[in-house]
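K.L.:
Same order as they appear, the protein sequences are chains A and B. Positions in the first sequence are counted from 1; adding 16 to them yields the numbering used here. Positions in the second sequence are counted from 1; adding 16 to them yields the numbering used here.
Since the hints were derived computationally from the structure, they do not count as laboratory data. From the three backbone atoms N, C-alpha and C, an ideal C-beta is built for every residue, glycine too. Careful, some of the hints might be misleading.
[What the hints assert, rightly or not] To be clear about the criterion: a stretch of chain B counts as covered by chain A if any three or more of its residues have a C-beta under 8 Å from a C-beta of chain A, and this derived list gives those stretches:
1. 79-88
2. 112-126
3. 225-234
[Unchecked claim] Far from chain A, by Cβ distances over 10 Å, these chain B residues were calculated:
4. ALA62
5. GLU96
6. GLU210
7. LEU264
So you can see what is in the structure, the chains are spelled out below.
2 protein chains.
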Amino acid sequence: MTLAPAHVAGVGMVRFGKYPADVTLEHLAVGAARRALGDAGAPRTAVDGLYVGHVFGGPVAGQRIAARLGIDGLPVSNHENYCASGATALREAWVALAAGLHDVVLVVGVEKMTDRVAGGVRPDPGDLDAAVGYVMAAGHAMSARRYMADHGATREQVAAVAVKNHAHSVHNPYAQYQRPITLEQVLGARPIAEPLGLLDCSPISDGAAAVLLAGPAGLRRLGIDDPVPRVLGVGLVSGSVQSGTGDLNAEEVSRRAGAEAWKLSGVGPEDLDLVEMHDCFTIAEIVRLEGLGLLPHGGGAALTAEGHTTLGGRLPVNPSGGLLSRGHPVGATGAAQVCELTWQLRGVAGGRQVDGARTGLAYCKGGTVNGTDGGSVTTVVMAR
Amino acid sequence: MTLAPAHVAGVGMVRFGKYPADVTLEHLAVGAARRALGDAGAPRTAVDGLYVGHVFGGPVAGQRIAARLGIDGLPVSNHENYCASGATALREAWVALAAGLHDVVLVVGVEKMTDRVAGGVRPDPGDLDAAVGYVMAAGHAMSARRYMADHGATREQVAAVAVKNHAHSVHNPYAQYQRPITLEQVLGARPIAEPLGLLDCSPISDGAAAVLLAGPAGLRRLGIDDPVPRVLGVGLVSGSVQSGTGDLNAEEVSRRAGAEAWKLSGVGPEDLDLVEMHDCFTIAEIVRLEGLGLLPHGGGAALTAEGHTTLGGRLPVNPSGGLLSRGHPVGATGAAQVCELTWQLRGVAGGRQVDGARTGLAYCKGGTVNGTDGGSVTTVVMAR
């Protein structure tokens, strides 16, 4: 079952990175929102509703953003699904357009992490996994070790994800890191949870990204009569990773997320020209692409090292630089992925353009539930 | 413009109050959710999606609830609009049904406040109003003083709200307080922000409420073929209270919330048989009813003291006891209001039943923005 697509009238970002304390969450969000409105040539009065994704912004962050953006009075809602928060806000916005509740909606994903979680995201006091040391990095380190042992993959193949994504974001002016790194740098970086080192991990980041979505009447209101990229569907599944097969890296939640994405969008995996993938850790990019069925189970690391997912390869993944190199202000990431897909589908991504991109997928994963790296997975399928 | 109504297939609550530390947010939420499913005669497998409203539950609280409820795998989203969080979750669920995305959805509002905000809700560090002492109680105290001065209302008339709502919840088994209080007790209570005393203020509470909503296909799936109460529309407006007229108590945000509610539901203020009103403070009930146009501006306090809004009066308000007496676990309140409206529209509210209730309104207000008691207002219009 598919709903009506949402048209992307405009997108905007502020560069991801580390901002000083006097640059607030509201500054970042309003900066991105103004760019999205400007990109669409839309006055702020054209907006019917504001959907904000964030994790650490505190209560009614969206209302504070609306007040400072000068769109006080609208319906404003705040959406939290950990690292999938921005994409979850986008999902609710897409549904509101499809229902006919609104014609033009603004989605903002934002996070000011350096103020709130300076030393890293702290686990919840009630998180028993974290209490025994099974924090996010440890979980992905286990995944990497298991992957290498089960499939004969090498440390170098896993590290190739970081090299690739940093190479891509050399061409992304909104990326936190815009310099290439070498395989030797990844292998020689400070260990975090072996075999993973610092450059296998996405950084702490501040940033914001905004997407202006419109239905058919909304496009007319905005005076947009040329074709614009469309969000065909936004999937959301939750649950634990484990497939019940005993294989830590056969991600059931990714398999289901893929199935839901194809169902909601009418697009199949074979139609994709590029993917923005939640590479919070190098190994995660590989395992999730395999879970979606976009790479063969156990074969993703070797294919990555061979350039299959590099710009110019068969299926470019994370031309933006991904979380590893564009940065990962958690609530902003889902919206930033949609900005990137939009630029790619418009053909204006410059040095990181995927030639002839017509269809793309963005994948986010948020949270950890029940002793597994589960939580929620969002999938956004877009087409030009 | 109206969307398709959502049918209330089942509702459930746990009693609001103060629970010990080993009764977790998940326990409360699952307790309410199981009762809503049981009320509908629905297996948990009938649910297509979970919408959770909470403020203090921490990241991915909804996913933790889903896992413990045994509905892991579904789309789960977390919605935050401060004290309007539960109603905001309900709004997104209603929109998802109207869009045809889902057929049966579960809405849970929940808060475990005693663990997180034992001494009261602390303002955000960046809240400049709070820094100069303009906290929530102070704002409402100013509102009460201004109201009394402008309209010749008495302290006793304002206090009558608390007496009425406590009298109502004597008959509500889910209320935090189930004993009547006297006018003398309200007037003699410990001062909080004069003229308001302790009994003019809603308490710190733990609790959860759940609502199972269905579209037409969902009702068939659940085997429900008799008429059930319907959610006709859920409005959401944000913004500052101030009307620009210089009258602190002429609530622009409430006026707009009312206008949106009538537009979305096709119901007018004259059609209402009862109201569940966000009486976080006694004076707030009066001012908000006036803002909606349900009581004359400046005349609400006298009418309240005369019994206009008491059970048996012209327009019963807060038969449940409201926030003052049912309690106010902030994320749960919007869902609890819908539980109450449902029981009233079914005619099963026992000693607090509003005779012949056919149409009801629930109003929530969340947050403070821009130096005014603004934030977001939700309105839910229901009919049997």
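K.L.:
Run every hint past the structure and note whether it holds.
P.N.:
Going through the hints against the structure:
1. 79-88: Satisfied; 5 residues make the cut.
2. 112-126: Check passed, 5 qualifying residues.
3. 225-234: Three-residue rule not met by the region 225-234 of chain B, so violated; n is 0.
4. ALA62: The claim stands: ALA62(B) keeps its Cβ more than 10 Å from every Cβ of chain A (closest is about 17 Å).
5. GLU96: violated, 4 Å
6. GLU210: holds, 27 Å
7. LEU264: The assertion about LEU264(B) holds, with a minimum of 17 Å to chain A.
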